[in-house]
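Participant: Okay, here's what each chain looks like letter by letter:
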Amino acid sequence: MTASANDLLVFSPQGIYCPKADIYIDPWKPVQKAIITHGHSDHARKGHEKYICAPLTLPVLRHRLGKNIQAEALPFGKTLTVHGVHFSLHPAGHIPGSAQVRVEHKGEVWVVTGDYKLHSDPISEPFESVYCHTMITESTFGLPIYQWSDPKIIIQDIHTWWRDCQAKDHLAVIHAYSLGKAQRLIAELDNHLGPIFTHKSIEPINEIFRRNGLHLPQTTLINEAHQREDLKGGLLLAPPSALNSDELQRFGPISDAMASGWMSLRKGRFRRTADRGFALSDHVDWPGLLSAIRESRAERVLVTHGFSTQFARYLREIGLDALAVDTRFQGEPAPDDTTDEDAQIHPV
Amino acid sequence: MRQFNELIRQLEQHPEGDGRVRALTTYFKSASDKDTVWAIALLSGKRPKQVVSINQLSAWVIEKTGFSVWLFKESHRQVGDLAETIARILPPPDSREEIPLAEWMRLMISWRASADEEQQESIELAWDQLEASERYLFNKLVSGGFRLRVSTVDLIQALREVTDVPHHILGIRLAEKWNPRTMTMTWLTESETLEEDRVKPLPFHPIHTLSTPCSTLGNPADWWMEDLFEGIPIQCNYQDETIYLWTTDHQMVTHLFPKIEAVCKQLPEETVLEGMLLVLENGRPGTQNQIQSRMDCQRVTRKIMEDKPACFLVQDCLVWEGKNIQNIPFLQRLQHVESFCSLLDTPVIRCTHVKDVGPDWTLIEEHVATARERHAVGIVLKHRNGHHGGEEITDVWWTKKVDPLIMDMVVLYVESGHSRSSGPFYELTFGLWDTDGFVPVTKTGIGLTDEDIDRIKHHAKEHTLERFGPVRQVVPNLVYTIIFDGVNVSLRHKSGITLMAPRIYAWKEAMDVAELRPLSDLKKRFTQGF
Chain Z
1 MTASANDLLV FSPQGIYCPK ADIYIDPWKP VQKAIITHGH SDHARKGHEK YICAPLTLPV
61 LRHRLGKNIQ AEALPFGKTL TVHGVHFSLH PAGHIPGSAQ VRVEHKGEVW VVTGDYKLHS
121 DPISEPFESV YCHTMITEST FGLPIYQWSD PKIIIQDIHT WWRDCQAKDH LAVIHAYSLG
181 KAQRLIAELD NHLGPIFTHK SIEPINEIFR RNGLHLPQTT LINEAHQRED LKGGLLLAPP
241 SALNSDELQR FGPISDAMAS GWMSLRKGRF RRTADRGFAL SDHVDWPGLL SAIRESRAER
301 VLVTHGFSTQ FARYLREIGL DALAVDTRFQ GEPAPDDTTD EDAQIHPV
Chain U
1 MRQFNELIRQ LEQHPEGDGR VRALTTYFKS ASDKDTVWAI ALLSGKRPKQ VVSINQLSAW
61 VIEKTGFSVW LFKESHRQVG DLAETIARIL PPPDSREEIP LAEWMRLMIS WRASADEEQQ
121 ESIELAWDQL EASERYLFNK LVSGGFRLRV STVDLIQALR EVTDVPHHIL GIRLAEKWNP
181 RTMTMTWLTE SETLEEDRVK PLPFHPIHTL STPCSTLGNP ADWWMEDLFE GIPIQCNYQD
241 ETIYLWTTDH QMVTHLFPKI EAVCKQLPEE TVLEGMLLVL ENGRPGTQNQ IQSRMDCQRV
301 TRKIMEDKPA CFLVQDCLVW EGKNIQNIPF LQRLQHVESF CSLLDTPVIR CTHVKDVGPD
361 WTLIEEHVAT ARERHAVGIV LKHRNGHHGG EEITDVWWTK KVDPLIMDMV VLYVESGHSR
421 SSGPFYELTF GLWDTDGFVP VTKTGIGLTD EDIDRIKHHA KEHTLERFGP VRQVVPNLVY
481 TIIFDGVNVS LRHKSGITLM APRIYAWKEA MDVAELRPLS DLKKRFTQGF
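Residue numbers (the numbering used here), protein chains in the order written: chain Z, 1 to 348; chain U, 1 to 530.
Quick caveat, the hints were computed from the structure, so don't treat them as lab data.
Check the hints yourself; a few may be wrong.
[What the hints assert, rightly or not] Straight-line distance between alpha carbons at most 25 Å, and here's what the computed DSS-like set of lysine-lysine pairs gives:
| id | chain 1 | residue 1 | chain 2 | residue 2 |
| --- | --- | --- | --- | --- |
| 1 | U | Lys64 | U | Lys34 |
| 2 | Z | Lys200 | U | Lys265 |
| 3 | U | Lys73 | Z | Lys267 |
| 4 | U | Lys177 | Z | Lys200 |
| 5 | U | Lys29 | Z | Lys168 |
| 6 | U | Lys200 | U | Lys265 |
| 7 | U | Lys303 | U | Lys265 |
| 8 | U | Lys177 | U | Lys34 |
| 9 | U | Lys303 | U | Lys259 |
As the structure is a computational prediction, the values presented were derived from the model and not from experiment.
Sequences and hints are given; from them, build the entire structure.
Facilitator: Written as structure tokens, this is what we have:
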């Protein structure tokens with residue numbers, strides 16, 4: 001099987017492209033019209049003339065890409081029709097506002113999953129299975145060694161660790177991506193254990209989500225005036241870029257942890273210099289990928305982002321029509337911490 | 001297994017020191033006696049032989065999951081470890097019945113006699129009951145690949161906190177040959193006090209650095225001197241046909257030094273000697289690293305004894321034939337050993353060579369300065385009439401160390417971070433000219449002042465060439481004077497050498513990198529010189 005020129009979606013040098021409607025999905029080079037699945041910087045790039053995204057993603061894009069971008073919200077389930085091609089967004093469960101893109105033309109349906117996860121969390125709209133003929137799926141964790149434990153157990157582990165930190169009088173610091181993971185933690189952690197503080201790259205996102213109707217428990221933005229005593233017993237959320245940097249040292253001694261799917265492997269934990277790793281991921285794991293594909297009833301699967309070659313090969317072995325999309329499609333990693341780092345730090 | 005799993009996680013998080021002792025103590029307090037015994041056995045290197053090879057486990061997991069071999073291999077490539085790949089590739093367990101470590105070990109050992117199919121069935125059942133990280137440990141244990149160790153010192157310290165048993169009893173027990181299958185905590189912790197009090201180490205003789213001029217010690221004619229070598233202080237106690245070799249932290253190390261044990265058995269019974277354990281290199285005293293690496297050997301093979309021959313340098317006699325002589329003058333005590341050692345005439349045990357200081361203190365400085373030529377790191381001054389263990393000025397042994405070596409080097413890499421124990425740290429890699437540019441020679445952060453740190457921060461900010469995680473490569477134009485205690489030849493390092501105990505002395509503000517002496521100069525001056 002190969003992608004043919006008459007396909008509803010094609011893989012162009014700019015990204016996934018619908019020639020019939022002249023619309024791109026998560027392109028990484030400037031284009032006229034782009035549908036953006038979610039606000040992580042490897043999906044939402046600067047320079048497009050027009051952005052289309054889910055309502056909750058819109059303020060995030062404005063915050064990250066500039067107030068003046070031309071952007072339009074497309075609510076989940078509503079259809080946008082361009083030259084006879086119907087586009088609609090459906091929850092992907094990755095972070096609040098993250099969407100899969102359903103594309104239909106004359107009865108033929110394609111779905112671009114963007115990043116997604118099946119485990120529910122308190123703030124992201126739960127993943128919605130969408131029937132399709134062709135599914136373009138991510139495969140960040142597309143090997144059978146990635147099978148997540150119940151997130152509830154991981155949250156309990158984090159609570160235990162937080163209490164240990166309190167007993168040792170260490171400040172508990174969790175390094176988590178500013179957009180999505182941080183807010184998920186805020187919503188899932190038990191704030192009766194102590195106050196939750198946030199780094200300056202995280203709090204603006206909290207504010208955006210709160211203004212747009214998400215319930216997030218109260219958090220306090222740390223500032224220059226805060227001293228060690230002010231944070232006593234608390235938990236600080238900071239981006240991964242703050243790991244081992246000087247800026248948190250004045251709150252020392254600290255115990256730090258990373259929350260990421262890569263922490264499920266021992267080498268992931270040892271490679272990072274944090275004390276602890278919690279394997280809490282916002283991406284779908286191996287069994288989740290298989291179940292999502294099954295549920296979608298897709299006849300054909302195109303695999304991107306991650307272990308695409310291996311995962312596509314496995315899908316073919318179990319009788320699916322599957323193809324890994326050229327890895328060049330992955331684009332360049334963005335250097336800033338606003339990236340969804342789960343998708344960025346690929347073990348080599 | 002859950003508690004043991006948590007202990008291992010903690011130990012891996014704390015590569016050394018207090019954190020390890022804390023983790024062990026917590027475990028010993030909560031685990032059953034049987035589990036504790038097994039944990040001690042496993043962590044001190046008494047691992048059971050493999051029941052099933054890791055390759056066999058891989059074959060079974062492939063069969064169980066139905067995955068193709070290529071997918072297992074791809075997974076292994078990502079994980080880098082077969083035991084972990086197997087642990088992770090299986091789905092999470094349906095049920096989790098907690099089976100304690102000791103019971104798992106009993107089961108594993110019992111499988112050794114089983115037929116292949118039975119082994120496979122038992123192991124697959126075990127996988128279904130364990131969570132991934134427990135499964136990883138299980139795979140390591142069943143395939144004989146469990147290699148995590150903790151030092152005897154840490155084990156003793158942690159056991160002390162939970163049992164109240166004297167250090168030396170724990171030291172003896174841990175050093176003895178025992179089988180975790182049959183050993184009990186009672187055996188480990190109960191002692192026949194009267195018997196064993198006699199074998200415990202006496203307090204070691206106090207040794208201090210002399211920071212005042214030698215003349216403050218009084219009349220030079222009363223003082224004797226000997227060379228100070230790098231080694232490990234040791235006491236040898238011979239009782240009831242058994243040699244007890246004790247370190248200062250109550251490790252019993254007799255089993256690591258069989259030749260010394262054999263020779264010491266020629267001593268009269270009920271005798272206690274004190275001295276240093278050295279490793280000899282070409283018949284000359286070796287470095288601290290060499291003796292330490294010899295101590296770290298788990299099993300003493302003939303090759304190790306040939307490559308790293310150990311020597312007991314006897315420096316004092318505390319008890320001779322059952323008579324405590326700690327309070328007779330030093331020179332008289334030493335005479336017992338001198339005659340004994342000269343009779344034996346073996347490189348395995350030697351008596352220290354003490355010399356008269358002479359009529360005045362002037363010769364001392366010269367003697368210290370030339371120490372390196374004799375493979376020594378300084379000298380020790382001992383009063384002829386000093387008592388063993390006393391704290392009087394005439395009892396204490398005073399050391400004077402040779403001046404450190406000195407060399408100017410340029411900063412090549414700056415690493416900053418913070419450690420759990422000591423907060424923020426800076427570590428600098430220093431280099432010297434070699435044929436094609438600068439070569440890293442040593443790495444240290446010791447001796448940095450606050451001004452140095454500010455200067456380095458600024459330098460790293462302005463002059464970073466490349467970043468490798470927490471490490472920055474910087475423009476090589478910041479010169480420091482480095483002091484160190486010696487140079488070792490090393491094939492593993494690009495420069496071909498390592499420095500002993502390097503520390504930062506001062507910033508060479510005015511120095512230009514072009515004026516730095518080359519690496520070859522350092523090698524020539526310090527490795528061939530002695």
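Participant: Quick check: which numbered hints come out false for this structure?
Facilitator: 1, 2, 4
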